[in-house]
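J.: Below are the chains, spelled out letter by letter.
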Amino acid sequence: MTANSGYEVGPTSLLSRQFLQEIWFFRRLIGLFIWRDIIVRYKNTMIGAAWYVLQPLAMMLVFTIFFGGLFARYIGALPYPVFAYGGLLLWQLFSRSLSLGAQSLIYFGPMLGKVYFPRIIAPASFVIGTLFDFFITAMLMVVMMLLYGITPRWTVMFVPIILLFTLMFSMGCGSVLAAVDARYRDIRHAVPLMIQVWMFCTPVMYPISYIPEKWRLLYALNPMVGLTEAFRWSIFGIGDPPSLVSLFLAAGISSVMFVAGTLFFQKVQGTLVDTL
Amino acid sequence: MERSVDEFAIRAFGLGKQYRLRETGGMVGLAAKMARRLGLRKMAESPASHFWALRDVSFDIRKGEVVGIIGHNGAGKSTLLKILTRITNPTLGTASVRGRVGMLLEVGTGFHEDLTGHENVYLGGAILGMTRAEIRQKYDDIVAFAEMDGFMDLAVRHYSSGMKLRLALSVAIHLDAEVIFLDEIWAVGDHAFQIKTWSRIEALIASGRTFVIVAHNLETIGRLCTRCLLLDHGRLTMDGAPDAVITRYRQELRQRSQSERASAGLPLLTSVEITALSLTAENVPMGDMLDCRFTLMAQRPGTLRMAALIKDGSGKTVAVGTSNQGRWTSLPVSAGRNQLRCQLPVALAQCGGYDLLLQISENDAVITAELPFAVVEREILIKDERGQDVAVPSLPVVWDVEEDSQATVRLVTSG
Chain A
-3 MTANSGYEVG PTSLLSRQFL QEIWFFRRLI GLFIWRDIIV RYKNTMIGAA WYVLQPLAMM
57 LVFTIFFGGL FARYIGALPY PVFAYGGLLL WQLFSRSLSL GAQSLIYFGP MLGKVYFPRI
117 IAPASFVIGT LFDFFITAML MVVMMLLYGI TPRWTVMFVP IILLFTLMFS MGCGSVLAAV
177 DARYRDIRHA VPLMIQVWMF CTPVMYPISY IPEKWRLLYA LNPMVGLTEA FRWSIFGIGD
237 PPSLVSLFLA AGISSVMFVA GTLFFQKVQG TLVDTL
Chain B
5 MERSVDEFAI RAFGLGKQYR LRETGGMVGL AAKMARRLGL RKMAESPASH FWALRDVSFD
65 IRKGEVVGII GHNGAGKSTL LKILTRITNP TLGTASVRGR VGMLLEVGTG FHEDLTGHEN
125 VYLGGAILGM TRAEIRQKYD DIVAFAEMDG FMDLAVRHYS SGMKLRLALS VAIHLDAEVI
185 FLDEIWAVGD HAFQIKTWSR IEALIASGRT FVIVAHNLET IGRLCTRCLL LDHGRLTMDG
245 APDAVITRYR QELRQRSQSE RASAGLPLLT SVEITALSLT AENVPMGDML DCRFTLMAQR
305 PGTLRMAALI KDGSGKTVAV GTSNQGRWTS LPVSAGRNQL RCQLPVALAQ CGGYDLLLQI
365 SENDAVITAE LPFAVVEREI LIKDERGQDV AVPSLPVVWD VEEDSQATVR LVTSG
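Chain order of the listed sequences is A and B.
Counting from -3, one number per residue, gives the positions in the first sequence under my numbering.
Counting from 5, one number per residue, gives the positions in the second sequence under my numbering.
It is worth saying that the hints were derived from the structure and are not from the lab.
Please note: incorrect hints may appear among the correct ones.
Computed, partial: chain A to chain B, Cβ under 8 Å [unchecked claim]: (1) E4; (2) P7; (3) L25; (4) R32; (5) G109; (6) Y112; (7) Q262; (8) K263.
Note that CB positions come from ideal geometry on N, CA and C, so glycine has one too.
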C-alpha cells in the first residue's frame, strides 16, 4: 500500500512502513518549500542574498577588532579574519538551521491545521534550506582565501560529511524544540538565548587550544566543538587534524540526537495541531 | 455473504477525540503532569478539564457511497473530518481509508501571497499530493476552470479574495481522488462559479467516487447524499437514509428549544412554540438581507423580547443583531398564531457556513431556535484601467430622487 492508495488512522507507530513510504511520496514537498522560501525572500528584499553574507561578515569584523590580538597567539599561521570567518561559516549554518527548525511549526501551523503531509517535513525543509544560505556565505570565504593566498588541500573533501553531521544535529535538536514549543511557548524565547550562549562554548572566535587541557573532554561533549575544528582543518588544511576523541564524540552525539529527536517528533506529531 | 475488504472506502472503529478544556500549558499544567506521573492523584488535573469532542464513533463506508454528516454546532463534525484526513490523531480508536484521498476542506491551503498564481498551482497541488507531471498535465484545465486565464503570472496578493478561492478550489477539484472529504466549499465564488463547482462535484459523484460531506445546508445533503450520519455531542446517534436522518435532526433542534423552554417554566413563554421556521434562501450573497420567517404560537397576548445572532461553524458568535431598542427588541404577540419575520444584513468577514440563532425571552428565560445558512460571495466583473476583467465585490445600492423641500417652500412664497 502506498501513500496514494490509502492509509491507517490511529496511534502513530514509530518508523512504520507507512511513514517511510509517505516521506518518500512527499519528498518533493521538501524541495518545493525550500524553493518557495528562497523565492519569497528574494522577492521581498532589495539586496537578497547579501544579507546572509553581511551577518557573518560583520561578526568577523567585530571579532577581529576586539579579539584578534587576544587570540592571535593561539592560532598559529592562519590570519585571524580567515580563522574567524571559517568558524562563523559553520556556526551560521548550525544556528540558523537550529532556530529555523525550532520555529518551523509556528510558520507551518496554519497549513498543518488544514491539510495533511508528514509533519516532519516542516522542520526538515527549514533545516535543509539553510544549506542555500551556507553556499552564499561560503562564496565570501573563497574570496578571502584567494586574497590571503590560502589554497585548500585534499582535506576539503571532508566538508560534505561535516555539513551532514551539523545538519543532522540541528535537525534532531530543532524537531524536539519545535514539538515542545507547540505545547510550551517558552521555547521560542529560550532558543535565541541558548544559541548565543552556545556560540561562546564553541571554538568560533577562539581556537580549541585556548581551552585548558583538563577541560577539553568535557568541552568536546558539545558536538559543535569537534565539527568546527574539523571544518576549519578541512577547508584550510593548516595545523593539526582535530583529535579523534572530539571527532567521535561529535559524530556520535549528533547521530544519536538526530535519531532521538526525529523519533520524539514522530511520536507526538499526530496531535501537534491540537495545541498549535 | 462475506464482503471483501476492498469494497470499503472508510472503516472507522471506536474513534474518540479528547481535548483539554482550558489550556493548562504553563507551569500549572506541567506541575499537574508531573504530579500524575508521580501518582499524586490529588494534585493531578481533574478529568473535568477534558472533554470528548468525539466519542466511540464507528461506521463503514463502502466505495461509491455519498455520506453526509450533520449535527449541531460542536457536535464533532469537523473533528471527525480532521481525524479521517489525518490532520489530527484520534485519542482512541482506529480508522482506515482505502484509495487516493482528496480534501476539499478549507481551500487556499498553502497558497503564498508573494508567489504567482502559476507557482502557487504547483505548490498547492504538491501539498495535496499531486505529482509534478500530473499538475503539468492538468494545468490548463485548472486555469480554465478557475477562469483565471491571463492572471497566472501575477502575485496572488493582487488577486481578489474570490479569485484566490476560485484558483485554490480548482486545484483541489482536479486531484483525481477516489475518496473525497468535502466541507463547506459551496460558499466559494460568485453564483455562476458555485453552479459550476457543484456540477463538477455531481459529476464526480456520478463517476462513483466516495464522498464524505459535512454541510450546514440540509438541502444539499438531502439532494446529494445516499446516506447520512447524525452526530450529537460527539456521539453517532443515527446512521441511515438522508431523509430520515434530516427529519430527526430537525425534530431534535425543535425539541431542544422546547426543553429549554420547559426548564424555564415561565407563564407566557411556556405557551410559546416556534413553528415553520424557514429562510427565504439558504445561500445568501454577502451584503444581502438574511430573511427568516417563523410562526409563533402563544396562548395569551403579551410582550416578548427577541434577539438574533449569527454563529460560525465552530460555534463562535460572529455577529449580533441590534435594533433601535438594542440587542433585544420587544414585540407584542397576540393569542394564537403570530407570523414573524426577521431580516438582517449579512455583513460578515468571510463567506462560509453559519447558523442563525433566534432567541425569544421573557424575563430571564430564553428559548432559542437555530437555522443553518451559508454566506456566498457575490462578485461582478468590471474592466480595470488596462481593459482587463477583474472581479470585485458587489454591494447592494439604493438610488432615489429626493424632493428638495427648501426649493418648494421658496416657490410658494415668491408666488
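J.: Would you mind marking each hint as holding or not holding in the structure?
T.: Against the structure, the hints:
1. The criterion of a C-beta within 8 Å of any C-beta in chain B is met by E4 of chain A, whose closest approach is roughly 5 Å, and the hint holds.
2. With a least beta-carbon distance of about 7 Å to chain B, the hint placing P7 of chain A at the interface is held under the 8 Å criterion.
3. Here the hint on L25 of chain A is kept, as its CB sits about 6 Å from the closest CB of chain B, short of 8 Å.
4. With its C-beta approaching chain B no nearer than about 6 Å, R32 of chain A sits inside the 8 Å limit, and its interface hint holds.
5. About 6 Å separates the beta-carbon of G109 of chain A from the nearest beta-carbon of chain B, less than 8 Å, and the hint is met.
6. With its C-beta approaching chain B no nearer than about 4 Å, Y112 of chain A sits inside the 8 Å limit, and its interface hint holds.
7. Taking 8 Å as the C-beta cut-off, the interface hint given for Q262 of chain A is violated, the closest approach to chain B being about 12 Å.
8. Because the closest C-beta pair between K263 of chain A and chain B is about 11 Å apart, greater than 8 Å, the hint is violated.
Hint compliance for this structure: hints 7, 8 are broken, all remaining hints hold.
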